[in-house]
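Chemist: This is what each chain is made of:
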Amino acid sequence: MRIYLDHNATAPLRPEVREAMGAVLGEPANASSAHREGARARSAVEAARAEVAALLGARPAEIVFTSGATEANNLALRGAVAARPGTTLVVTAIEHASVLETAERLAGTGVRLRVVPVDAEGRVAAAAVAAAADAPGPVLASVGLANGEVGSVAPLAEVAARLAGHEAWLHTDAAQAAGRLPIDVGALGVDLLTLSAHKLGGPPGVGALWVGPRATLVPQATGGPQERGRRAGTENVAAIVGFGVAARLARERLAAEAAHAAALVERLWDGIRRAVPDAVRNGPAAPPRLPNTLSVGFPGCPGESLLVLLDLAGIAVSVGSACAAGAAEPSHVLLAMGRDPDAARSALRLSVGPTTTAAEVDRVVAVLPALVAQVRGGRAA
Amino acid sequence: MSRERVVVAMSGGVDSAVAAARCVAAGWEVVGISLRLAPDGAGSCCSLDDFHDARATADRLGFPHYVFDLRDAFARHVVRPFVAEYLAGRTPNPCARCNEHVKLGLLWERARELGATRLATGHYARVGTDPVTGRHCLRAAADATKDQSYFLFMLDQAALARTLFPVGELAKAEVRAAARALGLPVADKPESMGVCFVPDGDVAGFVERAAPDAVRPGPIVDEAGRVLGRHAGVHGFTVGQRRGLRIAADAPRYVRALDAARATVTVAPAARLRAGGLVARETRWVAGTPPPAGTRFGARIRHRHPPVPARLLAAAGDEVRVAFAAGAGPAVTPGQAAVFYDGDRVLGGGWIAGDLA
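Quick mapping for you: the protein sequence lines, in order, are chains Y and B.
Take 1 as the starting number for the first sequence in the numbering used here and just add one per residue.
Take 1 as the starting number for the second sequence in the numbering used here and just add one per residue.
Derived from the structure by calculation, the hints contain no laboratory data.
Careful: at least some of the hints might be erroneous.
Beta-carbon label-pair distances, calculated as ranges [as the list claims (entries may be wrong)]:
1) Leu182/B to Asp311/Y: 44 to 54 Å
2) Ala232/B to Gly314/Y: 49 to 59 Å
3) Leu106/B to Ser33/Y: 37 to 47 Å
Listed next, the stretches of chain B that the computed footprint assigns to chain Y, with coverage defined by at least 3 CB atoms under 8 Å from CB atoms of chain Y [unchecked claim]:
4) 106-114
5) 281-292
None of these values were measured; they are calculated from a predicted model.
Every residue gets a Cβ at the ideal spot worked out from N, C-alpha and C, and that includes glycine.
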């Protein structure tokens, strides 16, 4: 049996999600069609919208379904910049590539871009975001709620409070936070929020952008009235239905699943550091942090080799960043945290989920030290 | 569980695919590794398509496959020296450097970290054992038209002991037939040609983009110093070259010498290029020590050129002086490898520093 500790890359589909999607896939489902089949699809989409909104404490009409978090981040940044010419973009150095690269592309077209640094534990200071947002004219600040590589959590409510009074919209990529931390858009004070279904145990290929009442975006996909004109294209009904079920389960089980994950991660870390005393945990030394995420470096032991040995031993983990072919690249998050390129290349990310068991974690703890020793021995030989 | 592990370097081509298949058939526990070497989209090898091809082969044959990012090392050991050599008026051999430092160097370090006891590649060459001394020897491939032993001369006893060349006994047609028989998706994939990180073949343009400030135009002169034309930089030339000089001369002229310090290209009639011998540096001997002075061997001074009858004059440190048999001397190109053969056996080789009169 393989052990899957890469839930931050994608989480396994929840059985309830698969069942609900299967039912939808059995029939034609264009939610914009006038016939009964269309009406059934429409009501399924709207029920899912309500579930996704409920996960955020939001109104269903504020949810825009997209093809995933990447599209949602693109829509947030590009749509906001197009809506308010002269916008200054503020992002943190540890955002997901779909925020960072989109911001850089926009900067290439003349948009002013400011990148806010983080500290050695991967945390951003609200004051630093506010200082960067102190620009003439409109501002879009994009600050990820939780970082999927090292688990740091941004002080979003404080950022929002400091931005009050500026002509600033606040966007947050909550793809890694949803289902792992409680999210309430009102309490966070954000204007735009990105979600992904497949990190919640929903299917890949669907996500959402929550658009709060203060923000108006210029649509980036045009040619249809879907999603209230904010995102054209026939809805992926089965995926949206799966997203809805995943969102409901994530909301109902949040406390239990987060506690389960946190207990497993601490068990994992305790075991690893006992067996490998010089192991280094990356990210925040104490909460708040993502309960399910452990980033750990083993000095003198490239993460790439360790990943391969773990995979051969039946354990799936990841290294911080990977290119399209799966090769490890130095993690931009760890580089931003001040790690040297070797350390930024060598961190292993282990991320657990609701299906992970204590026995699996114990097995990893039992296997890992010998593999670390093997890699180090191979280097020394 | 107890099977020994071999790492197979997989380019995504048919040779390394069949090499992997032969390792599987021989009972090894195979781990396929592809290397990301050139920047994205800049290489004719190690593109995303090649990685997908390698992975499809691994899936088909049922072994795991991974991609390692060695772009930094490739830039340091191969690309930057390549540019520097051209700018210095030499004609580098990046494949041999890559084999030494990256494919059979760094990748071996990674393989060892992964618990592998052998590293296999799709090179056309053979590793054998000397019946007298019992030492490992490097031999040309069975398919002489595909032989790549020229690019592998630097392998020492330790390297040969751990290296497998599973297609070295096969002809290319046999490799393709084996791939087809196994249903490998790369069976009919075309051969990669040229320098992998210069996919358009425009080496001079590549050097100019890499080091725009180091390029110096200058004169093309004959051996008497008469200016026959102008050039855009010595990096655009290679010793022995005839075409592309754009000079007016009564008889064919060839590049005789490149002087980077003076930004001068010297041309001469063909007869003047025939060297009496060569000087090579960074010389390595497969057996570990040089053969005695006077030893006769075949000296191959370019890939695909037949070895020239030659004789070892002297070996001092890692520098050797080699004399060509009378009248046999070809044009010698600094920067290329000189590899010395006894029949199909590689004795050793080095990097050509210059010619002997």
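Chemist: Look at each hint and say if it fits the structure.
Modeler: Structure-based check of each hint:
In this structure, Leu182/B and Asp311/Y break the distance hint of 44 to 54 Å, their C-beta atoms being roughly 24 Å apart. As the Cβ distance of Ala232/B to Gly314/Y is approximately 58 Å, the hint placing it in 49 to 59 Å holds. As the Cβ distance of Leu106/B to Ser33/Y is approximately 58 Å, the hint placing it in 37 to 47 Å is violated. Counting residues of the stretch 106-114 of chain B whose beta carbon lies closer than 8 Å to any beta carbon of chain Y gives 5, which meets the minimum of three for the stated coverage.
By the rule of at least three residues with a Cβ nearer than 8 Å to a Cβ of chain Y, the coverage given for the stretch 281-292 of chain B is violated, with 0 such residues.
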